[in-house]
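Listed in order, the protein sequences are those of chains V and F. The first sequence begins at 9 in this note's numbering and counts up one residue at a time. The second sequence begins at 9 in this note's numbering and counts up one residue at a time.
Honestly, the hints are just simulated from the structure, not real lab data. Heads up, none of these hints are tricks.
Same chains, same names: a pair is fine if it fits in one copy or spans any two.
Capping the alpha-carbon separation at 20 Å, the derived lysine to aspartate or glutamate pairs in DMTMM-like fashion look like this:
#1 K259 with E435
#2 K225 with D392
#3 K259 with D430
#4 K225 with D244
#5 K262 with D430
#6 K213 with E234
#7 K262 with E435
#8 K213 with D378
#9 K225 with E214
#10 K213 with D244
#11 K302 with E435
#12 K16 with D202
#13 K70 with D179
#14 K213 with E233
#15 K262 with E290
These figures come from a predicted structure and were not determined experimentally.
Number of protein chains: 2
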Amino acid sequence: MNAVVENKAGEIEGQMQETGRRARVASRALARADTGVKNAALLAIAQIIEDRADALTAENRKDLEAGEQNGLEAALLDRLAFTPERIAVMAEGLRQIAALPDPVGAISDLNYRPSGIQVGRMRVPLGVIGIIYESRPNVTVDAAGLCLKSGNACILRGGSEAFHSNRALADGIRAGLEQAGLPGDAVQVVGTTDRAAVGALLRMKEHVDVIVPRGGKGLIARVSEESLIPVIKHLDGVCHVYVDDGADPGKALKVAVNAKTQRYGTCNTMETLLVSRHVAAEMLPVLADAFVEKGVELRGCESTRAIVSGIAEATEQDWTEEYLAPVLAIRVVDGLDAAIEHINTYGSHHTDSIVTEDYGRARRFLREVDSSSVMVNASTRFADGFEYGLGAEIGISTDKLHARGPVGLEGLTTLKYIVLGDGHVRE
Amino acid sequence: MNAVVENKAGEIEGQMQETGRRARVASRALARADTGVKNAALLAIAQIIEDRADALTAENRKDLEAGEQNGLEAALLDRLAFTPERIAVMAEGLRQIAALPDPVGAISDLNYRPSGIQVGRMRVPLGVIGIIYESRPNVTVDAAGLCLKSGNACILRGGSEAFHSNRALADGIRAGLEQAGLPGDAVQVVGTTDRAAVGALLRMKEHVDVIVPRGGKGLIARVSEESLIPVIKHLDGVCHVYVDDGADPGKALKVAVNAKTQRYGTCNTMETLLVSRHVAAEMLPVLADAFVEKGVELRGCESTRAIVSGIAEATEQDWTEEYLAPVLAIRVVDGLDAAIEHINTYGSHHTDSIVTEDYGRARRFLREVDSSSVMVNASTRFADGFEYGLGAEIGISTDKLHARGPVGLEGLTTLKYIVLGDGHVRE
Chain V
9 MNAVVENKAG EIEGQMQETG RRARVASRAL ARADTGVKNA ALLAIAQIIE
59 DRADALTAEN RKDLEAGEQN GLEAALLDRL AFTPERIAVM AEGLRQIAAL
109 PDPVGAISDL NYRPSGIQVG RMRVPLGVIG IIYESRPNVT VDAAGLCLKS
159 GNACILRGGS EAFHSNRALA DGIRAGLEQA GLPGDAVQVV GTTDRAAVGA
209 LLRMKEHVDV IVPRGGKGLI ARVSEESLIP VIKHLDGVCH VYVDDGADPG
259 KALKVAVNAK TQRYGTCNTM ETLLVSRHVA AEMLPVLADA FVEKGVELRG
309 CESTRAIVSG IAEATEQDWT EEYLAPVLAI RVVDGLDAAI EHINTYGSHH
359 TDSIVTEDYG RARRFLREVD SSSVMVNAST RFADGFEYGL GAEIGISTDK
409 LHARGPVGLE GLTTLKYIVL GDGHVRE
Chain F
9 MNAVVENKAG EIEGQMQETG RRARVASRAL ARADTGVKNA ALLAIAQIIE
59 DRADALTAEN RKDLEAGEQN GLEAALLDRL AFTPERIAVM AEGLRQIAAL
109 PDPVGAISDL NYRPSGIQVG RMRVPLGVIG IIYESRPNVT VDAAGLCLKS
159 GNACILRGGS EAFHSNRALA DGIRAGLEQA GLPGDAVQVV GTTDRAAVGA
209 LLRMKEHVDV IVPRGGKGLI ARVSEESLIP VIKHLDGVCH VYVDDGADPG
259 KALKVAVNAK TQRYGTCNTM ETLLVSRHVA AEMLPVLADA FVEKGVELRG
309 CESTRAIVSG IAEATEQDWT EEYLAPVLAI RVVDGLDAAI EHINTYGSHH
359 TDSIVTEDYG RARRFLREVD SSSVMVNAST RFADGFEYGL GAEIGISTDK
409 LHARGPVGLE GLTTLKYIVL GDGHVRE
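Next comes chain V alone, as it looks inside the complex (with noise of 0.2 Å):
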């Protein structure tokens, strides 16, 4: 490195510093603050991104016209521009937010214990929450909303390409915060886009609690690989179906189908069938003919070739293949153990389902899949948040410790211990 180098890193590290400084401080007035005042906060950043919609239209095209220059393409380009629409979608996702039970402060199974003294547990924030994301500007507004709700203060890095966009939405969610009486410093947004500060970002253990990547695997790798600090994340979804000998046809039709072909892109789409040997005479040909009327590629082991002809032979690569795309894998096993054994082996403990009318093989599987979402009679598209009643959802992580599954608010919270005595002591 040389000496200009270095400096600029030096004074990137800095300014890291102390956005986290700040965070820590205004962590604290977030943490004791009412559920009410959080609510006014949230309510009038809504607000003020629909009053500021025109001043923010005019940032984000700065925005897009840098991209057009440098050629991003054109989905990226969508997926960056901000409509009346999706300003609107943003401040009604605040408002959702607001309308949310508040999970901080639930006091739960305090109990007198044979001392004399009550035990119990209190939620409490995490306390700072640092959030890495790509290109899309709404996740600034999702996540400073979720983090605000959920008593953390944030720190979010966007995307270089969405810079101007996220600077317009964090002046406007300062706002929004100072006038409900909150610490403005509670939301920063990272103010360069140089890729020095996610470095530093990631290294302050001292001020950020938890790292929540949002974005392509890419990013996730890079970001879990580089953190120091604790990582709430999903890698993959290699989400299976698995057909049992039990199923009933039009159930295990009616499931596969939706799981692969309702949408592709996402992470809980089933990338492998896995049918039994003692009913893949009969389902596989229904299934194959579905999934080719709706144009998808198939592949499969050898004993599904002999039974559905001409399609592709599915290798050891397939198996751990996230494909987000109209491709499937199938492959024949010999019953429940060889299933549960080729999910727990190439799967991404994401989410798996079992189509089955067999109730101890839905208890068995329910019990021994290994994922985060384990379903019965269910298409694995069911894995999200809103779905399963979290209200909003920060990610999903496919991890063990702390958050399984779809993260909402109170994956943003952490339980710490409260005694109650009236002059109590040890003996």
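Guided by the hints, dock chain F onto chain V, whose structure is given.
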């Protein structure tokens, strides 16, 4: 590194990888094991430990002799030694774990959603737990018991000074597991005293889900620094009692004296006493007398020394010091806000207590102090898995993610989502 050393390190790496692979395989069987089978294994191990008391004592003798030769201090030798009573305590501990409710498989919050699916959560084991500890060989048995009951496989790495004792215990544990029909690999004790084995264990992300270090601060700091796997830990116990304006003098005296003097060397012992300025002149002389009578050395802030004469000055460093000894720092603070500020700034987020009769200040202290246990009118010494009714404790966590406070069986498990449908698909 020369070729011989490199070869040795590679060999240990290979052995540890093999241990990890076996643990992962065993963890699947453990996760689906019935409560009755797990309890049978716990009782079988307890019986074997009692039956083999003589053989265990003979192996322990080897460690004690080696320790004497290596000049191990008397206190450490004492911790290391098996006696008939200690062997009985180990067996009894296992029987108590067998009597605890099984957390695995419990389903909670199973509710119908508007789409027609039922969504709930099932408690499941974490998978494979790595435990790194120092001299006491009883940890081998305790930790194995807690992991077994919570459906987890474990890899145990004890101190080299307890090598023979741990190996003999491991043989007994394996025999008990196999007697109950569970895989012997569910509990593996690392078979080498080489330090490289610890490093290898801390890097095996694919085979180990969480690391629990048990021992002194040095060990825990080293493990946290080096581990690529999430760690459940606490580094320090800098616990506070705050005597509020509204404190009952009798309760203040009782709680503060118990918090400091009931035991000096535990992590939930008070290390700093905070007293509100408004009651300092009244309370401090009585409190100081009581501590001096117990032989506790006092170090005070300027205001404290103006009231209690002849005590040393507390420096900035005293506010963050975990004495683990008959030494107490005392600070006069301006009131509740200053007390909370002091605790959140200098404390270790372990356990802090307020003594007060004031309803509003008790309520604020409970919410605003950012510690794993927050108490009102109770001694900090209560922060303990048994006192909290967890039945047993593998450690205390001052981290925020996953487990916070005393960690019992539940802390060794996680929640996955389950979805029950009847051919439901997403529209």
